[in-house]
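Peer 1: Each chain, letter by letter, is given below.
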Amino acid sequence: MSELGGIVALSLTVSLLAVLFASLLGLPLGAAIAVGRFPGRRALIVLLNALMGLPPVVVGLLVYLLLSRAGPLGEFGLLFTPPAMVIAQTILVLPIIAALCRQSVEDAWVEYEEQLRSLGAHGLSAALTLVWDIRFSLVTAVLAGLGRALAEVGAVIIVGGNIDGVTRVMTTTIALETSKGDLPLALSLGFILISLVILINAVAYLIKEAAQRRYG
Amino acid sequence: MGLMRFFLALSLCISFSTEAQQRFITVASTTSTEQSGLFKHLLPLFEKKTGIQVRVVALGTGQSLDMGKRGDSDVVFVHARPLEEKFVADGYGVRRFAVMYNDFVLAGPKADPAKVAGSKDIVAALQKIKAAQAPFASRGDNSGTHFAELELWKAAGTDIAKDKGPWYRDTGSGMGPTLNTASGMNAYVLTDRGTWLSFKNRGELAISVEGDRRLFNQYGVILVNPAKHPHVKKEMGQAFVDWVISPEGQKAIADYKIGGEQLFFPNAQR
Amino acid sequence: MILPLRLEGISFRQIIAPLSLEIAAGPSTIILGANGAGKSVLMRLMHGLLRPTSGEIAWQGQGEERIRRGQAMVFQRPVMLRRSALANILYALELAGVPAAGRERQAMDALREVGLTEVAHRPARVLSGGEQQRLALARAWALHPEVLFLDEPTANLDPGATREIENVIKAFDASGTKIVMSTHNLGQARRLGDEVLFIHQGRLIERAAVDTFFRRPASAEAAAFVKGELPWV
Chain A
1 MSELGGIVAL
11 SLTVSLLAVL
21 FASLLGLPLG
31 AAIAVGRFPG
41 RRALIVLLNA
51 LMGLPPVVVG
61 LLVYLLLSRA
71 GPLGEFGLLF
81 TPPAMVIAQT
91 ILVLPIIAAL
101 CRQSVEDAWV
111 EYEEQLRSLG
121 AHGLSAALTL
131 VWDIRFSLVT
141 AVLAGLGRAL
151 AEVGAVIIVG
161 GNIDGVTRVM
171 TTTIALETSK
181 GDLPLALSLG
191 FILISLVILI
201 NAVAYLIKEA
211 AQRRYG
Chain B
1 MGLMRFFLAL
11 SLCISFSTEA
21 QQRFITVAST
31 TSTEQSGLFK
41 HLLPLFEKKT
51 GIQVRVVALG
61 TGQSLDMGKR
71 GDSDVVFVHA
81 RPLEEKFVAD
91 GYGVRRFAVM
101 YNDFVLAGPK
111 ADPAKVAGSK
121 DIVAALQKIK
131 AAQAPFASRG
141 DNSGTHFAEL
151 ELWKAAGTDI
161 AKDKGPWYRD
171 TGSGMGPTLN
181 TASGMNAYVL
191 TDRGTWLSFK
201 NRGELAISVE
211 GDRRLFNQYG
221 VILVNPAKHP
231 HVKKEMGQAF
241 VDWVISPEGQ
251 KAIADYKIGG
261 EQLFFPNAQR
Chain C
1 MILPLRLEGI
11 SFRQIIAPLS
21 LEIAAGPSTI
31 ILGANGAGKS
41 VLMRLMHGLL
51 RPTSGEIAWQ
61 GQGEERIRRG
71 QAMVFQRPVM
81 LRRSALANIL
91 YALELAGVPA
101 AGRERQAMDA
111 LREVGLTEVA
121 HRPARVLSGG
131 EQQRLALARA
141 WALHPEVLFL
151 DEPTANLDPG
161 ATREIENVIK
171 AFDASGTKIV
181 MSTHNLGQAR
191 RLGDEVLFIH
201 QGRLIERAAV
211 DTFFRRPASA
221 EAAAFVKGEL
231 PWV
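Residue numbers (our numbering), protein chains in the order written: chain A, 1 to 216; chain B, 1 to 270; chain C, 1 to 233.
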């Protein structure tokens, strides 16, 4: 049972860290693209939206090649460790958060732009002020990223190696038990995973509602 | 690029904080070996004795050897002798030691359309299956098991790559998923006994052919060559290799049983 | 001093035909015209939110910073951040470079000026429309601008709130701030304005003192507008 606890804890740690890093990078990125005007902007937006659909297994393979000892970043010895899984999931989740943030900020920019510019806020500073102001609607973007991270198996299994006690998470355990033919166990784990995700979403929704009532 | 380095340094710190305390080696092995449960039995004994944690990355034989070539593991523990010998000959491994053998069995539908059940001759059985065009599931994934299967088809006089028909299903997957497919399709399938014994989704499948000497599956262990990859943990890796072929390690292997049945037969030469 | 403001040959796409005018310190200026005449675009050109397609906009004084800080604008719809009323003003002061030590006092002074001290810590967005517009004026007041632009500030408000806003604007005017306000409300123009700039189809048709404009409009369009007969542009 404690083994299961460890697996669930690792799943949450890896995915939450990935979402944290992806948000730290992706929210400013999305806001900057929303507010900025530069050549190639529309192509960049299309690319960002497309990257939301990055296949996890492809990300896993690319990160594997990067982190392998034979690869450019091999000296850090990160392959088959939880940090490698965090890196892979961050890459996977970053486009989702950035693209959804860009859309939300762009929509809000229509309302806020003139007033902010009149007050002397412009560029990235105005964009970040906006991001903070619309933070509750960005919760949806972050949750989308978290959902993707918790649900994927292709990336973490390649860069993590599904090592017993070290890099085994819920999705890779489900894959393993399925391949061993232990379908009832795999199904139970699947239900635990789904329940966890539902719980996280419910809590986030309630927080968002309460805050919206408070701040208007 | 500067941001990437910062990010990596951060990950390294996180990674270090948890791992600086833990001495460990990385062993590349095969899915069938891991799924048999041998490592869960064996590795705690080694760790207790030496304090070295063994992290097994279980892939197909082909990928495990590739891992060794890249220097992503310290030790390679697979069951494909010709490939292992080439690995050492090409300078990627220090030396190959025989460790143990297990056997393959041919599982098949109880209805037995090719009429091979109870036979002790795997080659004849394969010929009958091909003649009857009975469904056959293959791993097709460059694994040791796949390799062994191809050798048996060769012995049966068939170039399976050329002669396969719709009755031959190439799943490109590990042992477990291939068994799932075979169970779902009521097909014959070559599997190692360990995975078979732990496999719970048998459906209509049962053992059709076993006991043929040609079904024996030899395992070898190799230390990845530190001359090629200086970061390899050669002392700890060598300690593992030494232990696994030592009388103590060999006894531990023999002691591993599923349902009272021994799965692996130690045969290291001293 | 950033006034007087000179516009020379300003045009903006099809909306504003080339026009030239000068805005001097002192009398409050009302930009009057029907909907679609180009009042809002003209205000935004003056304030720097839009770039003219041709022509030049010249303030007195050096430096973009100084010129921007000498102006403030209140829009038809107040845009508040999801923070308290006080915090919204503090944000504006921070942007203007006011040192942290004096900000809260200045912000409270501004709230007092418009009578909103009681709601200083309420979330700005839960205030009524009239209160939010007063807050927008307080925010502008706290910046002590030389010029205050107002783009139809009471168009969305009921008569009671409108009166409150007009009182604040009068106080601004009395304290020496130059008022430039657009409206299509004739009564409001008479109440608050000293001079009128009458815009029609992107052209400056007439400029006169308020009384003169309403009693003896010089142009046919102005006469029609005053009588309330100008067709929707």
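Hints listed in this document are in silico derivations from the structure and should not be mistaken for laboratory results. Here a beta-carbon is modelled for each residue, glycine too, at the ideal position from N, C-alpha and C. Do not take every clue at face value.
[As the list claims (entries may be wrong)] Label-pair distances were calculated between CB atoms; the ranges are:
{"no.": "1", "chain 1": "A", "residue 1": "Gly6", "chain 2": "B", "residue 2": "Phe265", "range": "31 to 39 angstroms"}
{"no.": "2", "chain 1": "A", "residue 1": "Phe191", "chain 2": "B", "residue 2": "Gly203", "range": "19 to 27 angstroms"}
{"no.": "3", "chain 1": "A", "residue 1": "Thr140", "chain 2": "B", "residue 2": "Ala98", "range": "52 to 60 angstroms"}
Peer 1: Looking only at beta-carbon atoms, does the pair A:Phe191, B:Gly203 fall within the given range of 19 to 27 angstroms?
Peer 2: holds (23 angstroms)
Peer 1: Using the C-beta atoms of A:Gly6 and B:Phe265, is the stated range 31 to 39 angstroms upheld?
Peer 2: holds (33 angstroms)
Peer 1: In this structure, is the beta-carbon distance linking A:Thr140 and B:Ala98 contained in 52 to 60 angstroms?
Peer 2: holds (58 angstroms)
Every hint, counting from the list given before, is met by this structure.
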